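Visitor: Here's the letter readout for the chains.
There are 2 protein chains.
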Amino acid sequence: MKQIYEQFKKEINAYKYALWLMGWDDETEAPKASKAYRTEQLEVLYTLVYKLEMDEKRLAAIDQLAKENLTGPFKREIELEKKGIDQLRKIPQAEYIAYQVLISKSSQIWAEAKKNSDFEAFLPTLEEIIVFQKKLIKYLETDTLKGYDVLLDMYEENMGIKEYDEFFKVLNEKLVPFVLKTAKVKQKFPSVLLKGSFNIEKQKQFNHRLADILSYDLKKGVIKESVHPFTSGVVSVDTRVTTAYREDLIDAAIFSTIHEMGHGIYEQQVNPEFDGSILSGGVSMGIHESQSRLFENMIGRSKAFWDTHYPALQQIFAKELKKVTAEQFHLYVNRVKRDFIRIEADELTYSLHIMIRYEIEKALFNGKLQPKDLPKTWNRLYKKYLGLTVKNDAFGVLQDIHWSIGSFGYFPTYALGSAYAAQIYDVMNQEIDVEQCIKNNDICKINRWLKEHIHQYGKLKTPKEIILNATNKPFDPNYYVDYLVKKYTTIFKAYEVN
Amino acid sequence: MKQIYEQFKKEINAYKYALWLMGWDDETEAPKASKAYRTEQLEVLYTLVYKLEMDEKRLAAIDQLAKENLTGPFKREIELEKKGIDQLRKIPQAEYIAYQVLISKSSQIWAEAKKNSDFEAFLPTLEEIIVFQKKLIKYLETDTLKGYDVLLDMYEENMGIKEYDEFFKVLNEKLVPFVLKTAKVKQKFPSVLLKGSFNIEKQKQFNHRLADILSYDLKKGVIKESVHPFTSGVVSVDTRVTTAYREDLIDAAIFSTIHEMGHGIYEQQVNPEFDGSILSGGVSMGIHESQSRLFENMIGRSKAFWDTHYPALQQIFAKELKKVTAEQFHLYVNRVKRDFIRIEADELTYSLHIMIRYEIEKALFNGKLQPKDLPKTWNRLYKKYLGLTVKNDAFGVLQDIHWSIGSFGYFPTYALGSAYAAQIYDVMNQEIDVEQCIKNNDICKINRWLKEHIHQYGKLKTPKEIILNATNKPFDPNYYVDYLVKKYTTIFKAYEVN
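In order, the protein sequences belong to chains U and G.
Here the first sequence is numbered in this note's numbering, starting from 244 and rising by one per residue.
Here the second sequence is numbered in this note's numbering, starting from 244 and rising by one per residue.
Next comes chain U alone, as it looks inside the complex:
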């Protein structure tokens, strides 16, 4: 049985590698005019690999193996495979294919609607997607997993409404008042940073140092550009990242690079023995995001980081940054602005954008909210949690791609990741002196700690086990709120002194 399973795996891996590379190429450099031809080839390969994955011989082998007394990583591998095929088997194939066709067109309809800030143009498509998602829930429900929990569990094993409600309750009670209070803080920045124009070639000079600073391994990775930055890994030895430059913002590319390298370092440090099996790569969206946020915010936005690396940046932008001090720059990269757009949000307010989306998704799937009422609810919640009046749907309910591709249950993992990061950071800091590592240009020591406690496992442990294993405690959102309140209290005090 194992032999049959492994033979299928070998072929499936080859298809998946090809599909992965075609996706990466499509997002980064493929010529525009070749899109239609490439899509045809993708469809052929997807069909072939789907046939292989659902081949009766393979399914039987997995069913059989799941009954055997397995041990070690192979036991977990088969468990995950079994969970995957059991889910797929529950969805009628015709419906699944019809949904794939819908999804392949819906993001373009969304993009067009967003461009025109026209929610009504997107609504019928969105309704269709939600209808399928509700059917999907029915198909996949188990004794222990019901309703919206089915979707949540897809992105983060063992995280459901109960857990997220507790999490967001803490944010609501402790973070929202703090955020609303910060409206009064007067943040002042050197005008060159606000109205600056920063040559992209020069930005690249600094950005190319980041791989070295963070020990992102270029023998196992690539840094490239794309419209939206992302990380794309297929095995530990091939995990690539992209960044995006903005001439008007000196720090946009820096933090998108650090963020993606956080994702990249995670996958590069997974046990290479898992390469080519379902155990490779990150375990969940939440744990993945915890690593990118830890690098982006706790390392990249720290005072120690800019005390150490600002001189190099200042040297590159000698004219522009002549009068800007490291301290001013550190305050600038931690600027807070309650604003409309999630992906441009700062560290402090980011999770409130997520809280709003979670509340909406929950209401959509328990029937308390109809899709047509989304804009109204959206705008009400932005007023309540962020004190903002949304002007139009492009800056409101239409801003994110996720719902247009059926990714319901995904958003909460973004906030969860930041919260995981705070808890992990707290423990790590008790074991190694993180600030000193940053100052000594010795971040690889941090990476080693993360590898030992988190990265190496890939999907061998569940997210819950990972957190327990790394921090000796179950997940506790108070770490996150405490971290934010402490950090930003210090930051805001600095304005008073300066």
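The hints are simulated quantities; they were obtained by calculation from the structure and are not laboratory data.
The model shown is predicted, which means the values in this text are computed figures rather than measured ones.
One or more of the hints may lead you astray.
[As the list claims (entries may be wrong)] Simulated pairs of lysine to any residue, SDA-like, Cα-Cα distance not exceeding 20 Å:
1) U:253 / U:293
2) G:294 / G:275
3) U:467 / G:488
4) G:467 / U:443
5) G:546 / G:488
6) U:615 / U:642
7) G:605 / G:561
8) G:462 / U:293
9) U:462 / G:290
10) U:253 / G:290
11) G:278 / U:256
12) G:278 / U:642
Starting from the known structure of chain U, fit chain G onto it as the hints suggest.
Guide: Frame of chain U; chain G shown alone:
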């Protein structure tokens, strides 16, 4: 039958697209540490597509279609497919696979031998390759195609020993004496060009203009970097090129870019209806090389080109090129040096490097030369045709990769391409004013002529038909020699005046 054939084609195309992209990625950006994993996936996909291509149902469909009364492009498509499978069927599968294994390792053995200038270390492998090539000839021989002609025909349909002998005879009689005479010409160049250091970022600024200048279509292509420049096209809408920068040579990347764009423009202009069939892409190595050489030498190294575009280059390298005139630069990019290395050879002496290789291959396959005697023969011929004493095998017989991957019969097409180019250029110049097009920055007019007379056909016509169709005459090597002698007589006179 057609339906069966088309169904296979659809699947085969998807595999080929994936394999093509994996090859492109491997040569340009894939991380080094992922090589082994990628090779495994490549092997799996190669095996799968080989099975499909040799599937009995597909072979039977092609056999049947070949007997039918087909017309138009599909007739030629089936002829080419039939020729391909007939050849493959003649080679015993076990031998074919053993040879693939040999070839997959041999280029590394060659690279190591070249590094150490140690021909003996490469000899046993080379002998094995030649043994297979001789067997291959036996398997593929027909009534009309015998011996070395079998190999030559693989790279250029209808070109055999008889045709190449005539070609090289003209070169030998008219070009060799001219080249040997040029030893006396005193070429003088501004020292900044000879000992220069040219910032690569600045070089890129100029190189990125070339797509626009030559009308290489970036909606259907990509420009990237690789160790050795190359062009890689899969369909007319996806034909990518690479270039390679050298800090010490201001013109290395410029001409490698123009050369590869010549290849790229050819494939981009093939009838898009051929995309996904064997008819897409260039018809032969010779015709392909004619297009790259036409762009590189006849357009890129023309006086009109540098009168038009030198000011932009001079502005980028304001300090370095301050005192260098357009005329001096034009002479510099046409400098002649009889030297050891083919890929660094100038336009005038290039084909003599090829003549030497052709003479050697011919002797290898008619039994007059044993592989062990290759260095001796090589060195003798370099003395005879180029007046050079080869110092060691790294600069001699080991310099090229071709023989190490079994590419016998390939070299002659390089010289043939340059000769085709001269004949095509001559006719084109009678129909449109090429110099004026270059001066008016209107090279797309040249492209349109080439599209109409050559490019659009892809593999629909044979190379012989292409030449006859475009120039109204069969191939005649005198165009080439006359072009070279006339061009370089003018160039060398310019040194006397200046």
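Visitor: Tell me if the straight-line CA distance from residue 278 of chain G to residue 256 of chain U falls inside 20 Å.
Guide: Distance ~15 Å between residue 278 of chain G and residue 256 of chain U Cα, so the pair holds.
Visitor: Just to be careful, I want the Cα atoms of residue 546 of chain G and residue 488 of chain G compared with a cutoff of 20 Å; is the pair within it?
Guide: 23 Å, violated
Visitor: For the pair we were handed, residue 462 of chain G and residue 293 of chain U, check the Cα-Cα distance against 20 Å.
Guide: 31 Å, violated
Visitor: Check whether the Cα positions of residue 294 of chain G and residue 275 of chain G lie no farther apart than 20 Å.
Guide: The given pair, whose Cα atoms are some 29 Å apart, is violated under the 20 Å limit.
Visitor: With the threshold set at 20 Å, check whether the alpha-carbon distance from residue 467 of chain U to residue 488 of chain G stays at or below it.
Guide: Distance ~19 Å between residue 467 of chain U and residue 488 of chain G Cα, so the pair holds.
Visitor: Quickly compare the C-alpha distance for residue 462 of chain U and residue 290 of chain G to 20 Å and report which way the hint goes.
Guide: Not OK: residue 462 of chain U and residue 290 of chain G at ~28 Å, beyond 20 Å, violated.
Visitor: Is the hinted pair residue 278 of chain G and residue 642 of chain U satisfied, with a Cα-Cα distance of at most 20 Å?
Guide: 39 Å, violated
Visitor: For a C-alpha distance cap of 20 Å, please report whether residue 253 of chain U and residue 290 of chain G respect it.
Guide: 12 Å, holds
Visitor: Holds or violated: residue 615 of chain U and residue 642 of chain U, Cα atoms, limit 20 Å.
Guide: 16 Å, holds
Visitor: Holds or violated: residue 467 of chain G with residue 443 of chain U, Cα cutoff 20 Å?
Guide: 19 Å, holds
Visitor: Check whether the Cα positions of residue 253 of chain U and residue 293 of chain U lie no farther apart than 20 Å.
Guide: Given that 20 Å is the threshold and the Cα spacing comes to 14 Å, the pair holds.
Visitor: Is the hinted pair residue 605 of chain G and residue 561 of chain G satisfied, with a Cα-Cα distance of at most 20 Å?
Guide: 51 Å, violated
Comparing the model with each numbered hint stated earlier shows that hints 2, 5, 7, 8, 9, 12 do not hold.
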